[in-house]
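Since the structure of chain F is already known, use the hints to place chain A on it.
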Amino acid sequence: MTRYIARRLLLLLPVLLIVGIIVFVLVHLTPGDPAVVILGQDANPEQIENLRNQLGLNDPLYIQFINWFGGVLRLDFGDSIFLNMPVTEALFSRAEPTLLLTFYALTIQVVIGITLGVVAAVKHNTLTDRVLMMISISGAAIPNFFLGILLILFFAVRLGWMPSGGFTSIREDPAEHFKGMVLPAFALGFSSAGLLARLVRSSMLDVMREDYIRTALAKGLPERTTVIRHALRNALIPAITVIGFSLGALLGGAVVTETVFTIPGMGRLVVQSVQRRDYPVIQGAVMLIATFYVLANLLVDILYVYVDPRIRYGDD
Amino acid sequence: MATTEAGQVERASGSLAQARPSSRWYWLRALSRNPLALASAIFLLGLIAFAVAAPLVTSHDPRFLDPGVRLQGMSRDHIFGTDGNGSDVYARIVYGARISLLVGLSVTVIAALIGTTLGLLSGYYPRLDSPIMRVMDGLMAFPSILLAIAIMASLGPSTVNVIVALGVVYTPSVARLMRGTTLTMKNQLYVESARAIGARDHLILRRYIFANVASPLIVQCTFVVALAIIAEASLSFLGAGVPPETPTWGNMLREGQRFIQVAWWLAAFPGIALFLLVLALNLLGDGLRDALDPRMRSR
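First to last, the protein sequences are chains F and A. Just so we're aligned, residue 773 is where the first sequence starts under our numbering, counting upward by one. Just so we're aligned, residue 2 is where the second sequence starts under our numbering, counting upward by one.
Some, not all, of what chain A presents toward chain F, calculated at C-beta under 8 angstroms: (1) 147; (2) 153; (3) 231; (4) 239; (5) 272.
If you are wondering where the hints come from, they were derived from the structure by calculation, not from laboratory data. Glycine residues also receive a C-beta, built at the ideal position from the N, C-alpha and C atoms.
Extracted from the complex, chain A is given alone in its bound form:
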C-alpha cells in the first residue's frame, strides 16, 4: 500500500515541476545577469578546456629536462621562462591545472557525497545525530591544513592520497550544513504531509528534503573546490602532497621559492594561475549564492 501511495506522491510532485519548466533554471538567468560570476564561469570553462587539451595548447613536454636552457627568462620559445631543470614553465602550468582541477573536483564530490549522507541521516534520525556529529566536531577541531598534513604523514605522498586526505578534511563542513538545513526542513508542513500519506523515509529524504538542501549544497561545493585547490597546492608546496616530479602548481611554487633570488617567474606564474582559479571559484560561488537564494543577496 505504502509503496503505491509513495509512488503517487512522487508522480504528483514530478508533474508540479513540469508545470513550471522554467522555474528549475531560473537561477541560471539570475547568474547570467551577474557579470563577475559570468566572467568567472567562462574563465573556469576555458581553464578546464586548456587542462583537458593540454597537449594541443603547448608543444613542450612538462617533464622534459633540458639543462642547457635552465632558469631562462621569458622568450618566444618559453613564454613563461624555464625552471631549474630547463622544463617549460608554461607547459608545467597547463599540465599542473589538470592536477588542481582533478583534486578540487574529486575532493568536492567525495565531501559532498559523504557529507550530505551523514548530514541528512544526522538531521533526520535523532538517534544517529550525536554519534555522527561528535566525530564531525572532532574533525573540525583541527585547523584543516594541519589535519591534511597529519593524514598525508601516514598515507604517504601521492595524488590519490591527497584526494582522500582532503575528502576527510572537508566532509564535516558539508555534513554540518546539511544537518542544519535538514533539521529545519524536517518540521515543515509538506514533509509532515508526505509522512501522513505514508511516504517512506528514503523517499522523504530524497525528494522533499534533499531537493531543498540542494541550493546551499551547490554554493558550499563551489567554495570547497576552491579550498581543496589551495590545500592541495599548500600540501605540495610543503612537500607533503603530490610527489615533486609531478608538475603541480604547489610543487612549482616550492621550486620557485628555492630560486627566488635568481628567477622570479618560477613562483610568479603558477602563483598567479592559482590566484585566478581560486578568485574565479569564489566569485562564482558568491554569484550562485545570490542567484539561488535571493534572500542572501549581498548588497
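Looking at chain F on its own, in the form it has when it is part of the complex:
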C-alpha cells in the first residue's frame, strides 16, 4: 500500500509537467505582445520594454518555461501585474472560500445523491422511483449558475432568508459563514447529485439481484439492514469513481458559482484576471486548481482500496 502510494506520487510529476506545459503554451497563444496587451495601445516603448523584462519575455521560450515551472515547483507563480503582489499570496488568500465551497458542495452531492439513489432503487418501478429519477435528471440538466440565480431569486430576493452573496470566514463568525454558504453549495452540488443518484440507483439494482442479498433476506435480516450493510456498501464502489470525476466539475463549477454569489475565492479571481489580462494570476490559478484536482483523484484511487478489499494494487 505504501509502495503503491509512493509510486502514484512519483507519477504525479510527469502529469504536473504536462499540465504545466499546457498552461504555459496556452498563455503564449495570445496573439500579439502580451506587454502591449497588458499596458494598452498608448503605452510608450520604454514602459513596454520594462514590462517585457519584468515578465522575462525577452528570454527564449524554453528558458521562460524552465524559469516559470521551476517557480511552480517551489509554489512561486511570479507576481501579479494588477494586484502588485506575488500570485501565490493572492491565491492563498482566496483559497479558503473555494476549497470550503467545493467541500460543502461535495458533501451535498454525496448526501443527496446517495439518498435519492438508494430510495429510488428500493422503491424500484414505483411512482416514488419515477419522481426521484425525474428530479435527478432535471438536476443534472440545470446549469449551476442558473440554479444559483433561481435560489437567489427565491431565498434572498423574495424571502430574504439568506444573503444573496458575499463570504464570511468560518473563523470570524461560523453562523454567518454557514448561512452564506448554503445557497452556493446547494447550487453547485445539486447537478452532480443528480448524476450520482442515477448511478447509485442502477448500481444498487445490480447488487440487489446478487445471490448474497437473497441469502441475507432469506436468513431473515430486516430489509433496512440488508440494504445498508450489504447492498449499499457494494453499490458505492462505482459511485466513488463518479465522485472523483465530479470533483473536477465541482472545482470548475466553483469558479462560476463564486461569480454568481460574489464570493471572493480563487475562481472569481481567475474571472477578474481574465478581464484584466493578468496572465501570471491566470497561469498560477489554473495550475494550482489542476494540481488540486490531480491530487484529489489520487486520493479517490487510494480510497478505492479501502472500500473494496478485492482491489489490490499488485505490489504489496
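Only chain A this time, still in chain F's reference frame:
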C-alpha cells in the same frame, strides 16, 4: 494484389449490410418506442426550426434598443418582457438559440473528428499510444470550464474562439472513449481475418473498427453537445465567451443577474430555455444509448 483483395473485402461486407437493410435502422425503431427520447427529439427539431426561422417567429429585432420600454414585464407586445436596453427578451432567446446550437454542434463536430482520429490511431498503433494519450490526460487534468476560461483568456472573446476553446476541451473525452473501444475491437477475430487476407490498415480502421465504435461515439456526441452548450453559456455568463452585444443565453443570464432585484424574467426565461435544451439532449442521449446498445439499457 492487396488492393484488389481489400476491395473484395469491402464489397463483401457491403453486400452483407444490404442483405439486412432494416438492421441499420433498427435503433430508430427502438428509439421511437421511448416516449421521453422521442419527445426530446421533437423538441430539438422544433428548436432548430425556430432558430433557423428566427425572423419569421419574432417581429422584434433582438438588438433593437428602445430605452422607452426598458425592464418591462410580460405584455402582449413583449411576451417575455424587455431587458435593460428595452430589447425584446423573447426575440433575444430565439436568436440566442442560434448561438447555443451553433456552438454545441460545431464543438461536437470538432471534438468528434479530432477525438476519433486520435483515439483510433492511439488504440491501433501502440507506438502512437503513449504520446497522444499523455497529452489527452494532461488536458483532462483540468476542470473543463477552467481550461476553457484559460484558452479564452489568451484567444480573446468571440464566438469562433469559444468553439475552438471548447473543441480542445471536449476532444480528450472522445479520444479516450475511441481508444478504449479500438483496443478491444483490434483483437477481435474478424479484424484479424481482415488483416490475414491482406486488408490495409486504413481499410481495417475505417470499415471494421470505426463501424463498431460508431454507436458509443454517437451517444457520447449527444452528451458533448449538451456539455458544450452549458459551457458556452457559462463562459458568456462570466464575460469570457461570446461578446456581450451578441444575444446569447449566457449573456442574457449575466444581465438577468444584474437586474435580479427588479426584473426576474430577464434571467428566468433564458435559463429555462437552456435547461430545457440540455434536458432534451440528455434524454435523447440516454434513449440513443439504450437503443444502440441494449446491454447498457437502464432499468
